[in-house]
Amino acid sequence: MDRSYPRSRKLASVVAVAAAATLTLAGCSSSSGGKDAEEGGANASAGKANTPRMTVALVTHQAPGDTFWDIVRKGAEAAAAKDNIKLVYSADPNAGNQANLVQNAIDQKVDGIAITLAKPDALKDVVSKAKAANIPVVGLNSGVSEWQKLGLMQFFGQDETVAGEALGKRLNQAGAKKAVCVIQEQGNIGLTQRCDGVKKTFKGDLQTLNVNGTDMPSVKSTITAKLKQDGGIDYVVALGAPYALTAAQSVGESGSKAKVATFDLNKSLTGAISKGDIEFAVDQQPWLQGYLAIDSLWLYKNNGNYMGGGEQPVLTGPAFVDKTNVETIDKFAAKGTR
Amino acid sequence: MSMTRQAEPAVTTPPAPGPGRQTDGRTSRRSPALRLLARPEVGVLLGALAVLVFFLVTAPPVRDGSSMANILYQSSTIGIMALPVALLMIGGEFDLSAGVAVITSALTASMLSYQLTMNIWVGVIVALAVSLGIGLFNGWLLVKTGLPSFLVTLGTFLILQGVNLAVTKLVTGNVATDDISDMEGFAQAKAIFASSFDIGGVNVKITVVWWLVFAALATWVLLRTKYGNWIFAVGGNKESARAVGVPVTFTKISLFMLVGFGAWFVGMHQLFSFNTVQSGEGVGQELIYIAAAVIGGCLLTGGAGSAIGPVFGAFMFGLVQQGIVYAGWNPDWFKAFLGVMLLGAVLINLWVQRTATRR
Numbered sequence: 001m002d003r004s005y006p007r008s009r010k011l012a013s014v015v016a017v018a019a020a021a022t023l024t025l026a027g028c029s030s031s032s033g034g035k036d037a038e039e040g041g042a043n044a045s046a047g048k049a050n051t052p053r054m055t056v057a058l059v060t061h062q063a064p065g066d067t068f069w070d071i072v073r074k075g076a077e078a079a080a081a082k083d084n085i086k087l088v089y090s091a092d093p094n095a096g097n098q099a100n101l102v103q104n105a106i107d108q109k110v111d112g113i114a115i116t117l118a119k120p121d122a123l124k125d126v127v128s129k130a131k132a133a134n135i136p137v138v139g140l141n142s143g144v145s146e147w148q149k150l151g152l153m154q155f156f157g158q159d160e161t162v163a164g165e166a167l168g169k170r171l172n173q174a175g176a177k178k179a180v181c182v183i184q185e186q187g188n189i190g191l192t193q194r195c196d197g198v199k200k201t202f203k204g205d206l207q208t209l210n211v212n213g214t215d216m217p218s219v220k221s222t223i224t225a226k227l228k229q230d231g232g233i234d235y236v237v238a239l240g241a242p243y244a245l246t247a248a249q250s251v252g253e254s255g256s257k258a259k260v261a262t263f264d265l266n267k268s269l270t271g272a273i274s275k276g277d278i279e280f281a282v283d284q285q286p287w288l289q290g291y292l293a294i295d296s297l298w299l300y301k302n303n304g305n306y307m308g309g310g311e312q313p314v315l316t317g318p319a320f321v322d323k324t325n326v327e328t329i330d331k332f333a334a335k336g337t338r
Numbered sequence: 001m002s003m004t005r006q007a008e009p010a011v012t013t014p015p016a017p018g019p020g021r022q023t024d025g026r027t028s029r030r031s032p033a034l035r036l037l038a039r040p041e042v043g044v045l046l047g048a049l050a051v052l053v054f055f056l057v058t059a060p061p062v063r064d065g066s067s068m069a070n071i072l073y074q075s076s077t078i079g080i081m082a083l084p085v086a087l088l089m090i091g092g093e094f095d096l097s098a099g100v101a102v103i104t105s106a107l108t109a110s111m112l113s114y115q116l117t118m119n120i121w122v123g124v125i126v127a128l129a130v131s132l133g134i135g136l137f138n139g140w141l142l143v144k145t146g147l148p149s150f151l152v153t154l155g156t157f158l159i160l161q162g163v164n165l166a167v168t169k170l171v172t173g174n175v176a177t178d179d180i181s182d183m184e185g186f187a188q189a190k191a192i193f194a195s196s197f198d199i200g201g202v203n204v205k206i207t208v209v210w211w212l213v214f215a216a217l218a219t220w221v222l223l224r225t226k227y228g229n230w231i232f233a234v235g236g237n238k239e240s241a242r243a244v245g246v247p248v249t250f251t252k253i254s255l256f257m258l259v260g261f262g263a264w265f266v267g268m269h270q271l272f273s274f275n276t277v278q279s280g281e282g283v284g285q286e287l288i289y290i291a292a293a294v295i296g297g298c299l300l301t302g303g304a305g306s307a308i309g310p311v312f313g314a315f316m317f318g319l320v321q322q323g324i325v326y327a328g329w330n331p332d333w334f335k336a337f338l339g340v341m342l343l344g345a346v347l348i349n350l351w352v353q354r355t356a357t358r359r
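Chains as they are written, first to last, in the numbering used here: chain A, 1 to 338; chain B, 1 to 359.
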């Protein structure tokens, strides 16, 4: 029993230290910013359907930790919650692995599959297997020119080339003469198509620049170096929101007069647009892509509907976000749904 | 690879090399200049200089002071991590988790401060504890299990990669952290980790200064302290080091914790210069750190190397990476150029050493 004395003393001292630490930390709270300054707001939800429970698999080519795909997934989750669907999400940037994940979904006998067609050829076999198993398959995000060839029911996304072309026209309106397209993942088809699209319509000179997307300091110095190497660049075109924000820093540091435009949004980016650090963004509404893909499978199962009539893709972009409309979008972006 | 044994401490060499060396004609005949060239860090210095001259000739923008500052900045973010990675490698171990550990640290500081609305410094200090803890875990597991560090840290690499993503998503609901630039203490922390200053009209990043300070410190530790001797000893031969009384366990674990410290520092730099962190970043960086150390003359097998070599190694990496852009070469070939330039520089390094050590 005499052991209890030191033990309780030890406990008391632990409690004392913890209390002291709490007090110290309480003195350290930040009076600005942080979670406390965050505005509350419920995510979009529209009740819940009373249709029978079904399981849908969403298989994308997302690289881990990409903000863009997180928004797609949130849209899919919102639709799943509304439609009484159990959503099984999986992703792998390697096309072979993505095909395996689709096979996995077929083996699970899901009621529907939504896939992205970043590398359509690699998914051809597995899509026909799904059809043989009578599982409806819809496409989203990438593969706007291939979805019909593969026999997908419907498609939701943006034609990357069309989006690039729209951005190129916008650059012409802004009077740009020389732009640089920053590719954060060399060899990615979608990113290359965007730059090619810009090149098609842009009347000035467009160069491309490959940066190491997994290392931000490197992205920053490489863009700085490019702006230094070619002082005539007056527009930097980023292909993702985080890279656009970094490009804006590079522009500031290099003393260049270049402006920044980008594809895709996130919540820091809308802030940068309202501050004027970034001129405009091309939005393809990723949340809508995820939402519609899942919702379409529910509609097909419960009412036999086809969106786009089964012939035409349902385009979710390109939509422009700039100073004139950023305020309405900002509050949705802050929730991570735009 | 006898020529890389330039800084071997007394512990791993036979107890009485003195008289032997004097009678050995091979060393006495070599001139001091050749002996200097035989040092691996001098070889890599010459390699880096060759690349520098190459780019000074082919890429006019490199001649500008601010371009050099930009190259040094890129080098410093690699170099600060390459230093502890090099020390660890001299100590005979790898750390494959070093790249994602940087992001783990940045995520910890950012999310803790933001979610609890705390002063930034609370997050910074907790992140330091977490980073050192990861190093401690790596080292402890290695020493306890006797598994190769390649396996142990490959495990932590994968774990951290998953944890970074899952915890960020769990806590913030997104895959990137929230902007913390308007929080208390941010300006102070930015001044330390991510500020810049002007020298003669050229804007230099503070990380360059930290990089050189850390390199000087690491050199001093390696060459002038008992701990430095221990590092060489455990990397050379663990058993004989233990036999002569070197605390092997302590040395190995502390080296891993040193990598943790480096990860924390670079993580803080990333956080305070970009305000937010993406949870998927950092993958692949570990190889660049290791490459900088190896180019800098650290043996992959341990037991030999220096702290100054990796400085030049990192500089060479930064130089090639940015030089290609300054030169305005076709970007599709970027990675290929990078590889060719690095191989070329390493070959120059090797050739210089061979020539210098030849009798």
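Because the hints were derived from the structure by calculation, they are not lab data. Even for Gly, the Cβ is constructed at its ideal location relative to N, Cα and C. Take these hints with a grain of salt, some might be off.
Stretch by stretch, here's where chain B covers chain A in the computed footprint (C-beta under 8 Å, at least three residues) [to be verified]:
no.: 1; stretch: 29-35
no.: 2; stretch: 56-67
no.: 3; stretch: 110-121
no.: 4; stretch: 222-228
Structure-based check of all given hints:
no.: 1; hint: 29-35; verdict: holds (count 7)
no.: 2; hint: 56-67; verdict: holds (count 5)
no.: 3; hint: 110-121; verdict: violated (count 0)
no.: 4; hint: 222-228; verdict: holds (count 5)
In this structure, the one hint that does not hold is number 3.
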